[in-house]
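So the sequence lines, in the order shown, correspond to chains G and U. Quick note: the first sequence uses my numbering, first residue 1, plus one each step. Quick note: the second sequence uses my numbering, first residue 1, plus one each step.
Errors might be hidden in some of the hints.
[As the list claims (entries may be wrong)] Facing chain G, a subset of chain U residues (Cβ under 7 Å, in silico):
#1 96
#2 422
#3 438
These aren't lab readings, by the way, just hints derived from the structure by calculation. For glycine and all other residues, C-beta sits at the position ideal for the given N, C-alpha and C.
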Amino acid sequence: MTPFTNFESRMVKLPLNNVDTDQIIPARFLKTTSKQGLDKQLFNDWRYDAAGNPNPEFVLNRPESQGVQVLLAGDNFGCGSSREHAPWALTQWGFRAVISTSFADIFQQNSLKNSLLPIIVPPGVHAELFAAGPSAIVKIDLPNQTLTTPGGRMVKFPVDAFSKHCLVKGVDELGYILEQAPEIAAYEAAHPATINALG
Amino acid sequence: MPRTIIEKLWDSHVVHESAGAPTLLFIDLHLVHEVTSPQAFQGLRERGLKVRRPDLTIATADHSIPTSDRSLPIADKIALKQLDQLETNCAEFGIRCLGVHSSQQGIVHVIGPELGLTQPGMTVVCGDSHTATHGAFGALAFGIGTSEVEQVLATQCLLQRQSKTFQVHVDGRLGAGVSAKDVILALIARIGIGGGTGSVFEYTGSTIRALGMDERMTVCNMSIEGGSRAGLIAPDDTTFEYLAGRPHAPKGAAWDAAIGRWKQLVTDDGATYDRAVTISGDTLEPMITYGTNPGMGVSINAPVPEPSQVADPMARDSITKALAYMGLEGGKPLVGHPIDVVFIGSCTNSRISDLRIAAGLLKGRKVSPKVRVMVVPGSQEVKRQAIAEGLPEIFRAAGCEWREPGCSMCIAMNGDQLSPGQYSVSTSNRNFEGRQGKGGRTFLASPLTAAASAIMGVVTDVRTLL
Ligand code: SF4
């Protein structure tokens, strides 16, 4: 994983609550066996019309959204299925952070494993960000866990220490778990399996 | 200190704890399917890793598999490639695969329990958010992403943070025409789809105790629709009876020992939960969803909300948008609304008792000629049992399609889908925009409500047919 660095960006605003992962990337695109090429299908059914042409009304298709790295979303973003294709599609499009008042558990965990930072802000800050103008910029500082609003206010956001460490240093979790092989072996020795799925 | 069953399950699976990191938790059963695993196997290959515990891992093909005649070649080349990849990956990494042509193939959350692989006291994971289904056995079961699938394949462990405990207490006798599906839809309508975020549900109370295992699975299955990654029910005699004699259940002395262990899996007297909600089973009515998330549900004769009555602007916008997508007017009940399709299936409601209940209502009746009715058993085993009981004949005589096992129109990856604008009453778990086909509109309900609506051709209160 590449280390997560501080950055500033304008915001793409999606003022809807409970955006589910079927909207982020519809299931019919999950027949792929690869992680790549999913940016084109991000928000597919809102982004394209029946003929497959970009819907000019949809926020991702507006010229000012191009190159933006922050998605400002409504409450409970990423609910529904566990598909990691959702953060893959979001990061491949170019997003590095999503701001909301809350995230679904599995989406949040999947995002943290893919250098996509889920930033939880209180409702007041959330409303202030939605009210900000189109050229407004937010600054994101992960080591200090701060978001600087367009008005210059610094807001602390929560991230658990381990995820932060992994993101900032570019540490991959699997490598960390593999280092605990002795502890895993000890647990296995003390807890013989009660099933054998092989037959 | 008195503990909940949720805490007991957690404590007994802790492999390692270190300051500043999440707990390393051991996984007793890992279920794998074709959609969320290819990238995980590829990750193992790139790192030169093996599957640590093939004996605790099992795979099946369910999501992208056709539900038409399986002796025919699979027409969708991309789906075929994904299904082939699953077989290849399982062969290469030494995992048993109940693939397209296996006599034990089925929806991953149907086959785990019916093979007796899912057992009380286990931790169960799958790259699928409905893994909570297995919680019906008193297991801590939750969905994971593909990176975590790779982690479990390689290490049989996951880094986890302990969730909050959330008691869902349901007491009383369910009325005629009211079932487990209505219990869970009522819970989600009550707490909202984010209501259980960060929590694990324990379902308790006399209503839950009276449910059979298939129905308990229906309840636990949709825990994720209430925002909770896991939901469980402490095991009891109903659980043990279900498991006895299943292919992977313990036998002989091991069975007796297992029962002894499993009986410990209860919430201690005096243990407390972080949150709790109580639902009265006596007063529940058949439930149905009107909107584009499973929390947008009402009892069958109640009006759908009128957006102008909703105070919070973003919530109002969500309902307005949902009703626009669904082509519905606020303030009116759904009963009597015409439908085009009925789908009876999915990991929520495709087990033998679901099919029996639907067949019971359909026997000697005809479905409306305006409605396409698909009945999709959850597994080959469910299909065999249904055939043994003569259910396919009942469905066919009523005018339903009897199909091959798989996820089918629950997720509409395999060609079973709604056309834009069509309405469906579905026994599955998600009514998100496009979930059952682009532009399709889903009303979620119980198998009874689905069968009643199939007969009448409109959304129907099943109690009028009983
Ligand atoms: S039936 Fe539906 S919800 Fe269940 S595993 Fe299949 S796609 Fe997922």
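Structure-based check of each hint:
no.: 1; hint: 96; verdict: holds, 5 Å
no.: 2; hint: 422; verdict: violated, 14 Å
no.: 3; hint: 438; verdict: holds, 6 Å
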